[in-house]
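Q: Which chain is which? The protein sequence lines are A and B, in order. The opening residue of the first sequence carries number 1083 in this note's numbering; numbering runs sequentially from there. The opening residue of the second sequence carries number 1083 in this note's numbering; numbering runs sequentially from there.
Among the clues, some could well be false.
Same chains, same label: a pair holds when it works inside one copy or across any pair of copies.
Stated by the list, open to error - Below, in silico cross-link-like pairs of lysine to any residue (SDA-like), each with a Cα-Cα straight-line distance of 25 Å or less: (1) K1193 with V1268; (2) K1107 with L1500; (3) K1499 with G1438; (4) K1197 with D1161; (5) K1143 with L1289; (6) K1197 with S1127; (7) K1143 with S1200; (8) K1466 with V1268; (9) K1192 with M1495; (10) K1246 with I1232; (11) K1246 with E1165.
Just so you know, these hints were derived from the structure itself, not from any lab. All figures in this text were calculated on a predicted structure; none of them were measured in a lab.
Below are the chains, spelled out letter by letter.
There are 2 protein chains.
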Amino acid sequence: MDENQEALELQFDQLQAALAADDMKQFRELFLELHIFEQGQFYQSLTDEQRRQMYAYLSPKEIADMFDVIEEDNIHMTDYLSEMRPGYAADMLAEMYTDNAVDLLNTLDKKQTAKYLSIMPHESAREIRELLHYEDDTAGAIMTTEYVSIVANQTVRSAMYVLKNEATAAETIYYIYVVDQANHLVGVISLRDLIINDDDVMIADILSERVISVHVGDDQEDVAQTFRDYDFLALPVTDYDEHLLGIVTVDDIIDVIDDEAASDYSGLAGVNVEEVSENPMRSAMSRLPWLITLLFLGMATASLISHYEELVSEASILAVFISLITGTAGNAGTQSLAVAVRRLAMTEDKERSFLGTVMGEILTGLITGAITGLTIFAIVSIWKGNPTLGFVIGIAMMFAITVANLAGSLIPMLMDKLGFDPAVASGPFITTLSDLTSVLIYFNIASLFMQQFIGT
Amino acid sequence: MDENQEALELQFDQLQAALAADDMKQFRELFLELHIFEQGQFYQSLTDEQRRQMYAYLSPKEIADMFDVIEEDNIHMTDYLSEMRPGYAADMLAEMYTDNAVDLLNTLDKKQTAKYLSIMPHESAREIRELLHYEDDTAGAIMTTEYVSIVANQTVRSAMYVLKNEATAAETIYYIYVVDQANHLVGVISLRDLIINDDDVMIADILSERVISVHVGDDQEDVAQTFRDYDFLALPVTDYDEHLLGIVTVDDIIDVIDDEAASDYSGLAGVNVEEVSENPMRSAMSRLPWLITLLFLGMATASLISHYEELVSEASILAVFISLITGTAGNAGTQSLAVAVRRLAMTEDKERSFLGTVMGEILTGLITGAITGLTIFAIVSIWKGNPTLGFVIGIAMMFAITVANLAGSLIPMLMDKLGFDPAVASGPFITTLSDLTSVLIYFNIASLFMQQFIGT
């Protein structure tokens, strides 16, 4: 792709020159040759003055095609909109695929949205308004209304004719949805099926009645799972009365999968990895809320140790192993958290009983704890020549790991039961919580054997 | 989807009954009505005896269609294969899409693979052998050879005719690739373009010469990024001489994105979340390697504290804050690790200079450290009525966080530079390492102010 890249840069330079020379014809010719994504790359490399020049050269439809590809997660989109004359921007929004226009309008304040809707073509405004109603992260929020639907009582030839007319406007023409007079979804036929059948075959004879669809209120994660299972390129969305409302296409599902992965990853790390700024001050501000909250939880651990200060002053050897025990238990808790969150995300595995999972996790904790505990028992006994100390550290390690394992799996499972996203139970939260329980376990066990350590 | 589910379960029961009654006609009728994914669900719910009965009822091609959908990450696939007569299994593999057959064969040992290849149709074996050569995680390893290609010198009508003939075998017919006599990729045309143009138009006049392709050795993550950028449903794969070798389809890209997300997530947690077993012993065995390795790193921290044991015995108050400082620095390190891994995954951001990123992360660390340090200074000064102690804890906290932040971003960046996957720098590794540096910083600062604490 390197020669491609060079050719592309050359063309970008020529486009810049055409803008500078105010040569609209040359600019349009070069620009419309580019792939839409590349048009977007060029557009985003410009100054606002150059972009204003582009609005004069290109139609709202041409800009809309480009915006359909660059809109995802681009923080400058609202700036771009405000550069355009309101009428131009409204036309542009009307020409975009409805789902993308809605995403874009959702980033504006309500007043601005209302302004654009009031000056755009009535039909487009109506479609956009309908989609604006749907809750975030549902099938309704990611669907588009540009699909092709036909009735069953016609031949392949006439269906192909319909398709030919709607091909330019539709977001996908590779599935054609079959509806009855009341717009109930009754079947689906792929373009592949249309192609391999003869022109005179009736649609009713070749359509698939077993159509997989999602409901408009379904969670976008479940919609993504249906895409994964069936390897579809698009899925129809219906209301609870099986009326066809729109379609979700696979490119939007890739965004959903990316977003969900980033949010799980962010949860585990206790930081929003998508709000990455190059400004250290802003980065710090996005990380501090978690850090300070956890600092207070950490203070609970500190004040717990404070209770045992006398014990520590008499047997300072105990201080040596605090971080080893809290650290190892924290590591085990993070592992069990990640496994639990992942398991909850895999819908198929949800059927396993709550109690079964918890018991399994306790057992896993006991096994890892016992082996880790035995290892540290051997190390400490030899290193410090003190098997009693080794025994205390080993036993404390075993219980601390078991409890951390249990917390790591129980907390996300409880959050899931209560209807929260289990992924927000962050790794740092689990490790900080497990510091507290580990210290509690450690000093209680050490107290039992206290006489042994005095003066060591 | 609930009524769907009920209808499906009813049909599964009827299928079971047909198997029990040995009614092949009834079974085939009901089975072939199902969507392929549902066929797979039914198949996987059977006993091995019932599955053997199915092989007698269905052709290798019919089983192959189902295997194309269920093959991903299914650990029982090799068992299924070994249940079939070798000739049947070989025919089945030949009928699968080449990329899926290759995935499946890659899970077998070489002897078995060779056996199946030796008894399958020659042409299929040749195609599979070619794909088996490609390295894991490259475009070559995920591409398939079932694409449609045509030459430019023909009309839309004749291209549609070619398409009609190849539609059943091809994995996608929605892009048609245009090649010259030597099979060099020279253009692409979408089925949408064929549909909207008249029958007599020449392909040469409407094809897009600016075809985006990937090279066979490209990393699958880069291929996924190209899909994200351009919203394609398929991409052509070429060798370094621009010969067309195959295509990658979007369903495989969804698997790639899922796999990469799971591997990033696993890395952050220090456990392979994909190898989830319900057997606690197995779970424990998959988690122990990291835990024990980190235990030894933790021992370094313990022996470091051991050096300061005398200091602790004289000023036991110091022990109270060990876990607070190591814990908070660990949390900060995990945040910075996650941000760094994420930034490295976004290719666009790679251009930012190494030094710039490191300086930014140090600054972020200093800011978060200063604010956290100030907070803890205030709390400790009031709680313990000892501003000097508060100062020591606060300063130690600030430096510990700064160092943890730096380690969290530097380590994945160095791994990336050295050609490793930065995501394997796990969260638990960073926290355990930061325990060591935090303790070092803490006790060194405390030593400087030692006289103040003796006897407190």
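Q: Determine for every hint whether it applies to the structure shown.
A: For each hint, the structure was consulted:
1. For a Cα distance limit of 25 Å, the shortest separation of K1193 from V1268 qualifies neither inside one copy, at 40 Å, nor across copies, at 49 Å.
2. For the homomeric pair K1107 and L1500, neither the shortest alpha-carbon distance inside one copy (61 Å) nor that between copies (48 Å) is at most 25 Å.
3. Taking the shortest alpha-carbon separations for K1499 and G1438, only the intra-copy value of 15 Å comes in at or below 25 Å, while the best inter-copy value is 44 Å.
4. Proximity of K1197 to D1161 under the C-alpha cut-off of 25 Å is restricted to the intra-copy arrangement: shortest distance 16 Å within a copy versus 62 Å between copies.
5. Within a single copy, K1143 and L1289 get their C-alpha atoms only as close as 34 Å, which misses the 25 Å cut-off; across copies the closest is 22 Å, which meets it.
6. For a Cα distance limit of 25 Å, the shortest separation of K1197 from S1127 qualifies neither inside one copy, at 28 Å, nor across copies, at 56 Å.
7. Taking the shortest alpha-carbon separations for K1143 and S1200, only the intra-copy value of 19 Å comes in at or below 25 Å, while the best inter-copy value is 56 Å.
8. Taking the closest pair of Cα atoms, K1466 and V1268 never come within 25 Å of each other, the shortest separation being 77 Å inside a single copy and 73 Å across copies.
9. Proximity of K1192 to M1495 under the C-alpha cut-off of 25 Å is found in neither arrangement, the shortest distances being 37 Å within a copy and 42 Å between copies.
10. In this homomeric assembly, K1246 and I1232 come within 25 Å of each other (Cα to Cα) both inside a single copy, at 13 Å, and across copies, at 22 Å.
11. With identical chains, the CA atoms of K1246 and E1165 are never at most 25 Å apart, being 36 Å at best within one copy and 48 Å at best between copies.
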